[in-house]
Amino acid sequence: AQSVTQLDSQVPVFEEAPVELRCNYSSSVSVYLFWYVQYPNQGLQLLLKYLSGSTLVESINGFEAEFNKSQTSFHLRKPSVHISDTAEYFCAVRSYSGGYQKVTFGTGTKLQVIP
Amino acid sequence: DAGVTQSPTHLIKTRGQQVTLRCSPKSGHDTVSWYQQALGQGPQFIFQYYEEEERQRGNFPDRFSGHQFPNYSSELNVNALLLGDSALYLCASSNGQGAKESPLHFGNGTRLTVT
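Just so you know, the sequences run in chain order A and B.
Under this note's numbering, the residues of the first sequence are numbered 1 to 115, in order.
Under this note's numbering, the residues of the second sequence are numbered 1001 to 1115, in order.
For the record, the hints were derived by calculation from the structure and aren't laboratory data.
Keep in mind the model is a prediction, meaning the values are calculated, not measured.
One thing to keep in mind: the hints can contain errors.
Okay, the calculated bits of chain A under chain B, using three or more residues with CB under 8 Å as the criterion [to be verified]:
no., stretch
1, 32-44
2, 103-113
With a straight-line cut-off of 20 Å between C-alpha atoms, the simulated EDC-like cross-links for lysine to aspartate or glutamate are [unchecked claim]:
no., chain 1, residue 1, chain 2, residue 2
3, A, 49, A, 64
4, A, 69, B, 1062
5, A, 69, A, 58
6, A, 49, A, 16
7, A, 110, B, 1052
8, A, 78, A, 20
9, B, 1013, B, 1075
10, B, 1013, B, 1062
11, A, 78, A, 58
12, A, 102, B, 1052
13, A, 49, A, 85
14, A, 102, A, 85
15, A, 110, B, 1053
16, A, 78, A, 88
17, A, 102, B, 1051
Virtual Cβ for every residue (Gly too), placed ideally from N, Cα, C.
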């Protein structure tokens, strides 16, 4: 079984301040890790992914996440947030077994950027 | 390049009725997965279709069924609707049923309200 925990349901932060959205996972097999962003009334958009290689991955809009295998974490960070970053962020893990993939999402963290 | 498209965008049904939701995958994708996202929750996996067959299924009752057509588009059918079926239904496509390099691409979803 695999699970994803996003402990913070809401994170308010002032514009231009740094932010960290936490994600912890559990799985009995190797996993691939993803962060998705969801704007109001829209579907999920892929923000960044960790498949292999460097444990630090970056997105084109300044977000980064670091895969920490020992702590089973994949926290999302941004050094300076903008109003446009206000959205809900979902962490997801993907595993493979018997040729089939299983994707599990966390419950989401709402990031509210305050002007 | 068209992304994942879903129709309709909104739907209101009465308890006991049946509903059909439609999804066209991103160009070049052959695998379609359906997710249910209740208010304030992360997406929950319903099932996945590949080569016109249901390949995997989440913890959803048989009232939820689906179909994939030769052009890779897909339908989600829900019978005997319950109030608890009210949610955002998301379709996600990917390339290759077990392809590790292919992340999920989501549509904007269908908002189903059951009264």
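Verification of the hints:
1. 32-44: holds (count 7)
2. 103-113: holds (count 6)
3. A:49 - A:64: holds, 10 Å
4. A:69 - B:1062: Given pair residue 69 of chain A, residue 1062 of chain B is violated - Cα atoms ~37 Å apart, limit 20 Å.
5. A:69 - A:58: holds, 18 Å
6. A:49 - A:16: violated, 24 Å
7. A:110 - B:1052: Roughly 36 Å separates the two Cα atoms, so the pair is violated.
8. A:78 - A:20: Satisfied, since the Cα-Cα distance of roughly 7 Å is no more than 20 Å.
9. B:1013 - B:1075: holds, 17 Å
10. B:1013 - B:1062: holds, 19 Å
11. A:78 - A:58: Cα-Cα ~10 Å, so holds.
12. A:102 - B:1052: Distance of about 19 Å is within 20 Å: holds.
13. A:49 - A:85: Answer holds: residue 49 of chain A to residue 85 of chain A is near 18 Å, not above 20 Å.
14. A:102 - A:85: violated, 28 Å
15. A:110 - B:1053: Judged against 20 Å, a Cα distance of about 36 Å means the pair is violated.
16. A:78 - A:88: Holds, at roughly 14 Å.
17. A:102 - B:1051: holds, 18 Å
Violation of the numbered hints given earlier is confined to hints 4, 6, 7, 14 and 15; the remaining hints are satisfied by the structure.
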